[in-house]
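There are 2 protein chains.
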Amino acid sequence: MIESSKIKIVLVETSHPGNIGSAARAMKTMGFYNLFLVNPKCEINEISYAMASNASDVLDKAIVSNNLEEIIGDCSLIIGATARQRDIPLEIINPRELSKEIHFNDFQKIAILLGNEARGLTNKQLSLCTKGLHIPSNKNYTSLNIASSLQIILYELLFESKNELSNINKIDKNDVATNDKLINFFNHLDIVLKEINFIKDDRPMISRKIRQIYKKANLSDEEINILRGILSAIENHSQ
Amino acid sequence: MIESSKIKIVLVETSHPGNIGSAARAMKTMGFYNLFLVNPKCEINEISYAMASNASDVLDKAIVSNNLEEIIGDCSLIIGATARQRDIPLEIINPRELSKEIHFNDFQKIAILLGNEARGLTNKQLSLCTKGLHIPSNKNYTSLNIASSLQIILYELLFESKNELSNINKIDKNDVATNDKLINFFNHLDIVLKEINFIKDDRPMISRKIRQIYKKANLSDEEINILRGILSAIENHSQ
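So the sequences go chain by chain: A and B.
If you count the first sequence from 1, position 169 lands on 169 in the numbering used here, and the numbers rise without skipping.
If you count the second sequence from 1, position 221 lands on 221 in the numbering used here, and the numbers rise without skipping.
Because the hints were derived from the structure by calculation, they are not lab data.
Hints may contain errors.
Given that identical chains are not distinguished, each listed pair holds provided it fits within a single copy or across any two copies.
What the hints assert, rightly or not - Simulated pairs of lysine-lysine, DSSO-like, Cα-Cα distance not exceeding 30 Å:
#, residue 1, residue 2
1, K131, K100
2, K200, K131
3, K139, K6
4, K194, K216
5, K61, K139
Isolated chain A (complex conformation) (with noise of 0.2 Å):
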């Protein structure tokens, strides 16, 4: 069972009222009702509202902010949609593989990113992901538009949850540490690693790497905190 209350769908610099709308009306259909604007580029306004049809609650409730970074400090799954499939140094996965990750680990808060209509999420907005989400299409249109993108991802959610199947003893799932804690530890990690001339400043791309690594891991907070013992016992050391 995937737990509709988990799930932070936001929306980074949309332009359009009327795809704010949209977006509100698809979450609803799949009993989505979390939405976050990140420097949205226009208001929530009348179009919003008449193309949210009766989603109207979900615009309501939607929280504008202006800082990414904070909406997903409290997530430990943050997704973000992308037309690419290459040249971005994440992991590519899509809906139907995200809503079987939800399924069999047992995340916090997770949030999934749409970016502006014209240009998608920046290679900064990804850098801040877990994951890229990359939804099949047609190869020569992928024109895809936020209301279409969430219904086909809150769908495969909505799918999963229902599919008895998958149900599976929470005992088991992996208990997925918060973003917070995984910044905080990218961070002692990138000390270190300059400590013992690992990296130095003018290589971010082998930083990048390095995190991906442990992205992929899905850390609990157990293992981040054994991660970062190491890191002392590699601090005490050298001194």
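Since the structure of chain A is already known, use the hints to place chain B on it.
Same frame as chain A, now just chain B:
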């Protein structure tokens, strides 16, 4: 492999020009092009084309008819979308079951019927169908419009097609290192962790937990090389 040329999308008594355009767009994003309008209650107009975005070719080729039975005459599977799950003398399947059904059978043409926005397909129209199709949704808000419904149904068909292809390419895609390389990394890791006094011989549990972190990450050759580079840097720094 599902041949999209076999699939006829049949909108019955549609009353809003914009919905015809959005339907065309949803079809093209998933690679489907054959649109039929049976007894439409409106014209294809400039609103249709605006909503179709760059899927105007689908609208241009749309076939308009007043004879549903003629349109579905060459079909061996006729699917009627319905919001109702009971009180219909038809087997009801969901979009995933439909995609499996098409995949595992050799149908000639296949028709997918979507009814009028307000009342759906009539009982008489449903009686012409082989099966009914119900899309799982929020039971408190089942307001899926024509384009949203098509987006989900055709995504399932496309996904089934691509899934088959991606299984063939799996070996190319998954660049996971061999177990030998992983074991060599683990042995190197143990040596370094003992050197920095993080693990002692009498605590095998912590070593197992650390290995588990890296097993979860499905490490590639390159990632193992990076991690072993870090281990070597720790060794060099300690000397």
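Here's how the hints hold up against the structure:
1. In this assembly of identical chains, the alpha carbons of K131 and K100 lie at most 30 Å apart whether taken from the same copy (14 Å) or from different copies (28 Å).
2. In the homo-oligomer, the alpha carbons of K200 and K131 lie at most 30 Å apart inside one protomer (25 Å), although the nearest pairing across protomers, at 35 Å, exceeds that limit.
3. Proximity of K139 to K6 under the C-alpha cut-off of 30 Å is restricted to the inter-copy arrangement: shortest distance 19 Å between copies versus 32 Å within a copy.
4. Taking CA atoms no more than 30 Å apart as the test, K194 paired with K216 passes in both settings, with 23 Å inside one copy and 26 Å between copies.
5. In this assembly of identical chains, K61 and K139 lie within 30 Å of each other by CA distance solely across copies; the values are 20 Å between and 36 Å within a copy.
Going through the hint list in order, the structure satisfies each hint without exception.
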